[in-house]
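**Student:** Residue strings, one per chain:
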Amino acid sequence: MSARTILVIEDDVNMLQLLQLMLQRQGFEVSLASRSQEGLDKALNERPDVVIVDLMMPEMSGFEVIRRLRADPRGADLPILVLTARAQPLDRKAALAAGADAYLSKPVSARMLLEKVEELAARARPKQPSHVVVLLSLRGGVGVTTLAVNLALLLQRAPRGACLVDLNRSGGQVSLSLKLSPTAHWGTLLGAASPPSDLRSLLPDLLTRHESGLHVLAAPPEAVQGEGLDKATVRALLRGLRERFSFTIVDAAPLLDEATMAALGQADTVLLVFAPEVAAVHSTGVALRALAGTPVERRVTLVMNHPAPVQPLSLAIVEQRLGRPVTLSVPFDEQQMLALARGMPLVARASAGGSVPPLAKAVRDIAVHVAGFKLQTSDLRSADSSQ
Amino acid sequence: MTDITPKDQEIAQPRGLLTADFLLESDRISGQVNVRARPLIDQLDDTTSSFLDLEDVYLSPITRPSELNQSFPAATLRKTAIHAAVLTRFEDGLSRHQAYGSYLGHIPHDVLLITSRYQVRGRVVLPPKTQLQTVIAAGTTRFLLVSEATATLTEHPEISFAGGAILVNMEQVTAFCETDETHSS
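Chains as they are written, first to last, in this note's numbering: chain A, 425 to 811; chain B, 2 to 186.
It is possible that some hints are incorrect.
As the list claims (entries may be wrong) - Here are the simulated DMTMM-like cross-link-like pairs (lysine to aspartate or glutamate), alpha carbons at most 20 Å apart as the crow flies:
1. A:Lys530 - B:Glu149
2. A:Lys603 - A:Glu635
3. A:Lys530 - B:Glu159
4. A:Lys530 - B:Glu11
5. A:Lys517 - B:Glu92
6. A:Lys540 - B:Glu159
7. A:Lys530 - B:Glu68
8. A:Lys530 - B:Glu92
9. A:Lys517 - B:Asp181
As the list claims (entries may be wrong) - Residues of chain A clear of chain B, computed beta-carbon distances all greater than 10 Å:
10. Asn438
11. Lys466
12. Met481
13. Asp496
14. Val532
15. Thr607
16. Gly611
17. Gly615
18. Gly650
19. Glu721
20. Pro749
No lab work stands behind these hints, which were simulated from the structure alone. Glycine included, each C-beta is placed from N, C-alpha and C at the ideal position.
Whenever a hint applies, use it, and build me the whole structure from the sequences.
**Tutor:** Printed below as a string of structure tokens:
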């Protein structure tokens, strides 16, 4: 087994050397960065088991380093320990909200520091690939939940399974689509500390298991008044889910609120779903402009869904209006309404036998696009096995 | 000989440098004070100098105290502008003439000190029979050591700073209240 690696980002060279010596004695491989940008680059490229970061650094504060790490999928799941001379509770709170996993203020005993590093290294990111997919539309009724549910059922066949997260605040439709009556949902986190310090241990109790093996983090059954989950909690949730599942599929609310933006920041792939009608294409343009220039932009794939048999706009017109190609298209499937009524998504029906519905085939194409090499071909073929 | 294992080391600031938060009218200034020659409170009380030198300085607006907006390799603070200096450890607030434990037999008083921007709650320890008023009136020291203390921004009570010791600038204090019965130690 290779040695676990710790990256230390700290502008005090003497402190760097002290930490290097101490960590090496404990058998860690140690990587050092005395400048923030250098540390950020190393963290994203080397993906160490734990990142130790100082807060007070001249070129870029530790807060900003953490925020940038969490905004990049390569850094979204890295365990981050803040080691700083800033000892105020408000600094601790700000660091955890930015995405740190643990916080120690100097002076601290070496024993305590090593225990914390060991703890974080032990729960370091899974070595297996983990992928977060966010499905989003700023216009409701274009079939986002249908695609999310079917995609999640297909990706559930990956080695470590999948989890479907319903971030909608108006009595999410995911449970309805899967005929689930979840007793747990993320609404119980509202009003709690952000993020809850014991979220990791709480997470299993928040999930509901579908008969397919798919896990669901359900939305509250009733409409949420006011704000939904905040950024820090969404980030922490998705990091926790990355550790457990090969795929996390997020059915995002149709607005760019804190929760959606946090999910987008964690996403490896963003599927921007729309129907070929004027209002949906317009809202897709709005979303693209909102994300322009952000790291999220390059992860966006346009998915044109056909929730109705006749749609007014052609592919050519849509692409012209959006100024970019539509990568994936999902045909109208007349069986979808029945599937929804039965609580048996079409992908699940395809697995159970019978002909493969058009929507299930399209979802398979989406899965291949999303998963790429990360999902074994055989896992996807099982959707065809009943043909 | 005591066997010091690596795990028993303390990860701290470089020897002789003390990190403190200085609370000013509109800013939180975090920086390191060179305390090799003299403890911080002795430097603050030194009437021959109106200024305090800091190294590795970080500036935050007091209403957004977790933001690190600007940093400087060095800075000089006007002592009279400091409302309070927040220290993590009580012993870092002691003067050269005091030692940890030298307060044995003294009487602790729970106090509230009010400046134009902050309310500092904590404990001061005084020799027996010392009247609190004399602490203000005597004027022998500029800064008062308040232990187990919290400084709260009056207009934003959600913003507060806690420390093993807070050194309060008595020139900034407009009210000095005893908040509890005197404890016997």
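**Student:** Now tell me, hint by hint, if it's right for this structure.
**Tutor:** Status of each hint after checking the structure:
The straight-line distance between the Cα atoms of Lys530 (chain A) and Glu149 (chain B) is roughly 18 Å, inside the 20 Å bound, and the hint therefore holds. Taking the CA atoms of Lys603 (chain A) and Glu635 (chain A), the gap is about 10 Å. The hint holds against a cut of 20 Å. Restraint check: the Cα-Cα separation between Lys530 (chain A) and Glu159 (chain B) comes to about 24 Å, which exceeds 20 Å; the hinted pair is violated. A hinted pair counts as satisfied when its Cα atoms are at most 20 Å apart, and Lys530 (chain A) with Glu11 (chain B) qualifies at roughly 9 Å.
For the hint pairing Lys517 (chain A) with Glu92 (chain B), the CA-to-CA distance comes to about 26 Å; that exceeds 20 Å, so the pair is violated. A threshold of 20 Å between alpha carbons decides the hint, and for Lys540 (chain A) with Glu159 (chain B) the separation of about 29 Å lies outside it, so the pair is violated. Only pairs whose Cα atoms come within 20 Å are accepted, and Lys530 (chain A) paired with Glu68 (chain B) is accepted, the gap being roughly 19 Å. Only pairs whose Cα atoms come within 20 Å are accepted, and Lys530 (chain A) paired with Glu92 (chain B) is accepted, the gap being roughly 15 Å.
Proposed proximity of Lys517 (chain A) and Asp181 (chain B) is contradicted: the alpha carbons are some 31 Å apart, above 20 Å. Listed as outside the interface, Asn438 (chain A) is inconsistent with that label: its C-beta sits roughly 6 Å from the nearest C-beta of chain B, within the 10 Å cut-off. Distance to chain B confirms Lys466 (chain A) as a non-interface residue, since its nearest Cβ pair spans about 21 Å, more than 10 Å. For Met481 (chain A), the condition that its CB be more than 10 Å from all CB atoms of chain B is violated, with the nearest at approximately 8 Å.
The beta carbon of Asp496 (chain A) is kept farther than 10 Å from every beta carbon of chain B, the shortest such distance being approximately 21 Å. Residue placement check: Val532 (chain A) does not keep its beta carbon more than 10 Å from all beta carbons of chain B (closest about 5 Å). Every CB of chain B lies more than 10 Å from the CB of Thr607 (chain A), the least distance being 35 Å, so the non-interface label holds. Against the 10 Å criterion, Gly611 (chain A) stays outside the reach of chain B, whose nearest CB is about 25 Å from its own CB.
Once the 10 Å rule is applied to beta carbons, Gly615 (chain A) is consistent with being away from chain B; the minimum gap is 16 Å. Even its closest Cβ contact with chain B, about 19 Å, leaves Gly650 (chain A) beyond 10 Å, as expected for a residue assigned away from the interface. Distance check for Glu721 (chain A) against chain B: the nearest CB is about 27 Å away, which clears 10 Å, and the non-interface claim stands. Even its closest Cβ contact with chain B, about 41 Å, leaves Pro749 (chain A) beyond 10 Å, as expected for a residue assigned away from the interface.
Violated hints for the displayed structure, listed by number in ascending order: 3, 5, 6, 9, 10, 12, 14.
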